[in-house]
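Engineer: Take a look at the letters that make up each chain.
Protein chains: 2
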Amino acid sequence: MALSTPLASLARAADASTPASTQLIDQLGRVCDRHGLPDLATRLIDLEAWVRGELREFETELALVNRGPRAVQRAALHLIDLGGKHLRPMCVALASKVGSGFTAPARQLAVAVELIHSATLLHDDVVDLADTRRGQPAARALYGNATSIFAGDWLLVDALRRIRAAGVEGLLDRMLAIIEEMILAESLQLERRGRTIGGPGDLADYFRVVEGKTAALFRWAMLAGGKAGGVDADGCAALERYGLHVGVAFQAVDDRLDYEGDVAATGKDLFADLREGKLTYPVLIAIEREPALREVVAALCAEVEATGVVDPAGCAEVVAGLRRTGALEATRKLGEDRVESAIAALAPLPAGPARDALVTVAEATLLREA
Amino acid sequence: MALSTPLASLARAADASTPASTQLIDQLGRVCDRHGLPDLATRLIDLEAWVRGELREFETELALVNRGPRAVQRAALHLIDLGGKHLRPMCVALASKVGSGFTAPARQLAVAVELIHSATLLHDDVVDLADTRRGQPAARALYGNATSIFAGDWLLVDALRRIRAAGVEGLLDRMLAIIEEMILAESLQLERRGRTIGGPGDLADYFRVVEGKTAALFRWAMLAGGKAGGVDADGCAALERYGLHVGVAFQAVDDRLDYEGDVAATGKDLFADLREGKLTYPVLIAIEREPALREVVAALCAEVEATGVVDPAGCAEVVAGLRRTGALEATRKLGEDRVESAIAALAPLPAGPARDALVTVAEATLLREA
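Heads up: the sequence lines are chains A and B, in that order.
Residue numbers for the first sequence, in this note's numbering: 1 to 370.
Residue numbers for the second sequence, in this note's numbering: 1 to 370.
Since the hints were derived computationally from the structure, they do not count as laboratory data.
Here are the computed distance ranges between Cβ atoms for each label pair:
(1) B:E169 <-> A:P69: 25 to 35 Å
(2) A:T132 <-> B:G201: 34 to 44 Å
(3) A:G101 <-> B:N66: 32 to 42 Å
(4) A:T132 <-> B:V309: 32 to 42 Å
(5) A:E317 <-> B:T196: 54 to 64 Å
Where chain A lies over chain B, by a calculated footprint (3+ residues, C-beta under 8 Å):
(6) 123-130
(7) 169-178
Ideal Cβ placement from N, Cα and C applies to all residues, glycine included.
All chains, full assembly: derive it from the sequences and hints.
Structural biologist: Have a look at this one:
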């Protein structure tokens with residue numbers, strides 16, 4: 001295919017100085033290639049060229065996070081240094097370019113959103129007793145749970161100080177409100193532990209958790225970039241709606257990957273969410289469409305709880321149920337619908353390369369394989 | 001004694017509507033009585049009358065903290081509803097009365113400092129795996145560790161929003177810096193787990209931990225009250241110095257109570273700090289004065305680590321060492337010195353009832369029996 005040449009050469013050019021997000025864009029380009037989406041692949045190449053400078057500036061700034069001698073600082077930096085996709089900072093960068101661009105305050109806001117995201121990962125890993133993160137030992141495995149908790153708190157405080165220093169009207173208040181949303185969603189999810197999946201109201205709870213835990217921070221990233229770039233109130237509201245929908249689409253893709261993705265690529269245990277009693281869209285849809293599956297899932301969870309291992313036969317039965325009811329297709333559809341809504345939300349923004357870039361990012365959300 | 005009558009009648013008047021801090025003041029009055037300190041007892045009665053209104057306003061405001069349905073909110077409110085001494089809010093109230101008084105913003109700042117303090121207790125109890133707090137089951141025992149962690153985060157965010165809403169210049173930045181100090185002190189303490197007590201630099205570490213974990217929040221409480229009351233920069237600096245010294249004195253009393261207080265009254269396991277590898281002033285001083293005690297303490301800690309129980313003979317040996325070396329007396333002296341420094345720090349402030357009240361509070365710090 002014609003497109004494989006420039007993408008492959010981009011991949012070869014990737015080295016330590018290549019921003020993580022451009023590596024991701026590059027990887028997505030190869031997925032386009034495989035899926036026969038040459039137009040999107042070309043637009044990803046354009047996007048990569050268009051934000052590479054901003055992402056490098058962001059990563060330079062991120063590398064300057066205070067490397068103190070305390071264990072909480074080392075635990076926090078351990079996670080930061082593992083990289084990550086830097087999607088939320090990319091949202092800040094792109095939203096800022098809808099306006100006057102990725103200025104110094106916008107750069108601080110991009111670092112802040114990555115630090116908040118990292119803080120939630122440090123706390124999540126303690127809550128989920130996770131041993132690995134980004135293919136490496138989790139901070140809690142190296143430094144202990146207590147240090148990981150305080151490391152998350154430390155990053156949170158660092159992020160809030162940066163938002164404060166950026167001095168963009170209203171953003172600190174919004175972040176405090178967003179963090180509260182995230183905590184309440186986290187609480188709702190914790191309260192469900194040990195409860196059978198598939199009761200009435202579960203779908204509503206699913207969206208409350210996803211909007212709070214995942215979409216809220218994307219919303220803030222878009223708002224922060226827009227405000228820092230001087231985008232007007234209507235434009236900022238449009239950017240926030242985009243962030244909400246892209247966030248939900250992102251989670252829908254995650255949910256689908258848990259059941260049909262390559263386990264090694266997702267880096268998660270298959271059925272991890274199910275085992276922790278977390279709501280996951282494909283299973284909720286399958287149970288809605290075939291209520292008898294509820295008992296199968298409940299029995300599987302109870303057995304995992306009692307024995308600590310996943311019964312392969314039970315697993316196969318659930319996966320067969322997901323296929324039979326079209327639940328994975330419905331999850332794919334949820335992602336597609338939200339991407340469509342995200343793109344529609346951009347209508348009030350001026351046409352131009354920034355808006356085009358956001359369309360490309362939304363579409364690329366669905367391509368993720370890991 | 002003449003004084004027992006009014007104090008006893010105050011005690012009888014104590015009911016659900018009596019602010020927790022005035023109950024504390026009342027209790028301290030009885031201690032004065034027993035120790036033959038009629039002058040301090042009289043001043044405590046005056047103090048109680050002088051701040052009762054402000055403390056009741058604070059408690060009314062605290063009772064309005066959002067009681068949402070989520071587990072994190074219920075866990076946080078469980079701790080708040082257990083009361084506590086409300087010393088930090090009292091610091092805000094007294095400092096505000098050095099200036100123009102306990103206005104609505106000062107009240108919000110008093111609630112904020114109590115919420116931050118409560119957040120640290122929720123996290124500390126998870127870190128220390130504590131089962132009880134204020135004589136009742138700890139939030140983590142009722143709601144689990146994960147919910148307690150997020151409950152602490154939730155209170156932290158609520159506090160920051162209140163400080164923001166109070167709109168007093170510079171206080172949010174200072175609180176973020178103070179929280180970082182608290183986290184780094186917590187980290188230093190965690191890093192010491194499993195290390196033998198009594199090495200070089202331990203005394204310096206002790207003060208870094210105490211100043212960060214305990215004194216920093218007292219400093220902020222004094223600063224916040226002063227600033228809200230319109231006290232000038234020199235006056236605020238004096239109030240902060242007072243907070244620092246009172247905070248250290250407070251911790252010195254705590255340390256002494258662990259070894260000579262009534263176990264039932266302190267509500268802590270005797271030797272709890274020692275078992276967790278925490279630095280504690282009396283033991284550091286005893287080892288400094290009699291280095292052979294270092295091995296006794298190390299052996300005791302190792303045995304507790306291995307068997308889970310404290311050997312009574314080893315305990316008795318350490319306590320005898322503390323007595324022989326005068327370590328408990330030195331700890332009492334540390335508290336007295338810091339109270340003296342706290343009172344000296346007040347010199348730049350105008351003479352008057354507010355300054356007198358702060359002197360009384362500093363002196364009363366040393367009276368605590370629980």
